[in-house]
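Enquirer: Going by my numbering, the letters in the sequence shown line up with residues 300 to 691, in that order.
To be clear, the hints were calculated from the coordinates, so they are not data collected in a lab. Backbone N, C-alpha and C define an ideal beta-carbon position, used for all residues, glycine too. One or more hints might be untrue.
Here are the simulated lysine-lysine pairs, PhoX-like style, with alpha carbons at most 25 Å apart [unchecked claim]:
1. K368 <-> K339
2. K491 <-> K400
3. K491 <-> K368
4. K383 <-> K446
5. K383 <-> K491
Computed Cβ-Cβ distance ranges for the label pairs, DEER-style [unchecked claim]:
6. A572 <-> D468: 31 to 39 Å
7. A479 <-> R421: 46 to 54 Å
8. N494 <-> L422: 26 to 34 Å
9. L490 <-> A574: 17 to 25 Å
10. L490 <-> R455: 18 to 26 Å
11. R639 <-> N390: 28 to 36 Å
12. D650 <-> A495: 29 to 37 Å
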Amino acid sequence: MGSSVLEASFDAQQASVHADTRLDALYVLNALSVGGSEHKIVRLVNRLNERGIAAGIAYLNGPDTLESKLHRSVRRWHLERKGKFSFRALNRLVDVVLDVKPRVVFAVNLYPTLYVLGMRMRLADAAPEIAALVNTSEFPAGERWRKLLYERVLRRFDRVIYGCQAQRDLWLDRRSRAWARSSVVYNGVDLKEFNAKVRRIDAGARKRPFVIGNVGRLTPEKNQRVLIDALVSLRREGIDAKLLLVGEGPLRRALTVHARERGVEDAVEITGALADVRPALERMDVFLLPSTHIETFSNAALEAMAMGRPVVLSDIGGAREMIRDGIDGFVVPRSELESRLPTLLRELASDADRCSRLGEAARRRVESSFSFDRMVDRYVELIERVEHGQAG
């Protein structure tokens, strides 16, 4: 497609909104591709519009896989980013903001903060309030410079929203000025969409395999390899266990090879990415998330909890804010995953009643603290504070 056609398409988008009322909020994302943050924002924007709060989406890159999930009334703009930093995309964002005059612009995760801050600098006093949603907790050892860069960028934002308190502490000193301009909004799960009866099985009469599972990208930081090793230990002890991995990624082949080398290839199922993970979660007896870094406040874990499944999380990000160890699930230090997972899973495989109790507690925990409506309420509060000129 030629540049003139792209420009004409963008101009048509612009023209379609001139007669519309201003936006209350504009969310700027990297892309509308499948991912935890992207799914969350699409659902959030849909729900805000249902509540009468005009919210739109601008995204920098393709693909736009999730565009079909947006309600037809939701305005959206593809900014057509090209290169490492696209001044054309920045100019388009400025044009969108001038047209729809949002009260607040949210940058979703770190890279879009560069464009949102650039927009503010271009518009100066005419710029709306800007807020950043930070999803990243830690950086690999060779990329610590990125944290220093984004710390400087985030200081220029009116508000910074973190996914959990542990993440907020990693980024900020509680004595700093930036602390007062920050807040925590936990992820939330739709309790009607993710709802299943807790499985009750007589362990002595179990006729189906004990299924452990994970939902997530097949990447090094997600650490699914340790689940294959735990499966090997369970099966060596005569437990009819299987592993269900839901996701796609660069390590799919390596994980398949590892399972073959460990002699459990027939007991490992990799589904690839699924549009609806609920049937897979229903098959699991226990959900595990053994990530080694990056994880902040996992949507996948919340969805498993809402489905009444006990969860086992590595002790990173907001794991201890999400669950109470031994009550709603278990939190295992990263350095102890390899040694503790086989024992923990063996105990759960032999105690179906405990699995049921943990699953029931996990569901109650989500109902009381991490529902989707509760998360939406928090964003409504943030938007309304801007509308009424309130700080913080």
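Enquirer: If you test the structure against every hint from before, which numbers come out violated?
Expert: Violated hints (numbers, rising): 2, 5, 7, 8, 10, 11 and 12; every other hint is consistent with the structure.
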